[in-house]
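Visitor: The residues making up each chain are set out below.
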Amino acid sequence: MKFLPLLWAGLWRKRTRTIFTLLSIVVAFVLFGMLQGVNAVFNNALNASAVDRLNVVSRISFTESLPFSYLAQIQSLPGVAGVAHQSWFGTYYQDPKNFVFSFPVDPVLFFPLYPELQLPQDQLAALVSTRTGAVVGRELAKKYGWKIGDRVPLHSVIWTQANGSSDWNFDIVGIYDAPNDPNQAVSFFFNYSYFDEARSFSKGTVGWYIVKVKDPKAAMQVAAAIDKRFANSADETKTQTEKEFAQSFIKQQGDISFIVTSILGAVFFTLLFLTGNTMMQSVRERVPELAVLKTLGFTDGAVVALILAEALVLSLVAALLGLAIAAGIFPALKSIIGEARLPANVVSLGIGVAVLLALCTGLPPAWRTTRLNIIDALAGR
Amino acid sequence: MPMIVSLKNIVKRYTRGKQSVEVLHHLNLEIPQGEFLALMGPSGSGKTTLLNLIGGLDRPTEGEVTVAGERIDRLSGGALARWRARHVGFVFQFYNLMPMLTAERNIELPLLLTQLSRAERRQNVAAALEIVGLADRARHKPSELSGGQQQRVAIARALVADPTLLVCDEPTGDLDRTTADEILGLLQTLNRAQHKTVIVVTHDQKAADFASRQLHVDKGTLTDAASLS
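Line order of the protein sequences matches chains A and B. To convert, note that position 8 of the first sequence is 8 in our numbering; the numbers rise steadily by one, no gaps. To convert, note that position 124 of the second sequence is 124 in our numbering; the numbers rise steadily by one, no gaps.
Bear in mind the hints are in silico, worked out from the structure with no lab data behind them. Check the hints yourself; a few may be wrong.
Said to hold, decoys possible - Taking lysine-lysine and the BS3-like style, the derived pairs with C-alpha atoms no more than 30 Å apart in a straight line are:
| hint | chain 1 | residue 1 | chain 2 | residue 2 |
| --- | --- | --- | --- | --- |
| 1 | B | K8 | A | K14 |
| 2 | A | K2 | B | K206 |
| 3 | B | K219 | B | K206 |
| 4 | A | K217 | A | K243 |
| 5 | A | K142 | A | K243 |
| 6 | A | K97 | A | K243 |
Note that the structure is predicted; figures quoted are calculated from it, not measured.
All chains should be built: construct the whole structure from the sequences, respecting the hints.
Guide: Written out as structure tokens, the structure is:
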């Protein structure tokens, strides 16, 4: 603490240069916070995937439907504890910008497989007994001000009704919570029976199956057994763990992790040279002053520590500012990625990167001071 | 009177590229505690090299340097730095103050290496400022002070940790006569009132006249010595 004025004086020796360096690091960390934040949200969702659930999709393509008749066949296989199905409905509410993650399901089969979705029993019963009933995540209900008893029209970009209309009406009969997975609290579930009866094509099919296995260790064997069961049929299947399924779904949008890593790699590589050059220049200009410190009795270690501390303060202050700005902007992405807060692990990682940046940029000039000859430096040689 | 500095058979050679130049040749010197010594001589005579050896900024090629009872030529880099912090106060021709720090922060620098509390450090800094007559300039930066005032700040910095000896390299070389006399008078007062051992390198006879003893360094040897008091 007593070295703070000395540290501060070193940093503010060239005020303009320090401010511009600080700003460039801030911008880099805003970018880091936003990109890494999005990446982390996807990864957190993947990590939250259950280990005892499998997803069965068409081998041809994720978008191809599977026959409804597979349900009973999958259920009969050894190691299977439960089966449900889900389909992609593809809808928006009032405006195409208001995309809604909506899925027709059989509530009796579906909800027992997802204990993380907390829906009161009476609301589940209401969904089962109401043909046009729907249950929505609390976040989604909050977003559009929906409450139980509301009638909500959704426009499907895929499914038309037999009467040619793409507008589907639903009655909200329940609101579920998903305390451990905010992504799930933005979905819209309704009765498959209503969907299948009313749609104009592909009747008797589902989007994919969800299979709960009795023993997670045997998940791969069960997956292989399912695919074997439907091998050489008209609708061959591809069974994956929930995590693999989510990964392949996300990769439909591109390899986010690779894109994020590439962009951030380029940004920080440039920043390394920029900040490193600034630190090197700053130390070079202060050689006589550092020689005076050594004359007064500061050891090589103390001078190295002082320079590293300068680099650390600059890097950490800028990183925290950048991450704070990113955290401020992040809620704006809620409608796209379903998460309103910058994940804490991104902040921790950012601080780690800032420390690494400080060490990489501070160590070379700091190390140079250990070879500084006091007499030559004081004589300006 | 006990000897505070003892140099025995000192040889100092500098090597620049393939050339080796011997700056000090088998030099012997003893300085008693409490002395005000002036080292005089022409440029390149080796007087600053001699001062650097006494102050622990440089090491001899041969010979023994004992200062304040310690063989400093045998100390490691870190130990020598700690020894300097404890025993030596330095005053330079061009003051060598930190431009971004105020006078009081500059003076406080050597105290940062001690275990003193903040309050104790402030107290010592205030006392040093009082001694050099700059109590009203504590919050001024070097650029806001005259040359003489900056040198007073440098003396206060040299004094503040209560060193065993003060080592001054051309302390008045950049000052006008009047200011130079004030600075030398201050060093003389410190020597007489606080019994500080002061070693001054100068080529100015008037500056040397403030000392109690004058030694002449010429071509790397002590060629002339005169006790004036």
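Visitor: Taking the hints in turn, state whether each one holds.
Guide: Verification of the hints:
This hinted pair does not check out: K8(B) and K14(A) have alpha carbons roughly 47 Å apart, beyond 30 Å. Proposed proximity of K2(A) and K206(B) is contradicted: the alpha carbons are some 41 Å apart, above 30 Å. For the hint linking K219(B) to K206(B), the alpha-carbon distance of about 22 Å falls within 30 Å, and the restraint holds. The straight-line distance between the Cα atoms of K217(A) and K243(A) is roughly 15 Å, inside the 30 Å bound, and the hint therefore holds.
Restraint check for K142(A) and K243(A): the C-alpha separation of about 28 Å stays at or below 30 Å, so the hint holds. In summary, the hint linking K97(A) to K243(A) is supported, as the alpha carbons are separated by about 28 Å, within the 30 Å threshold.
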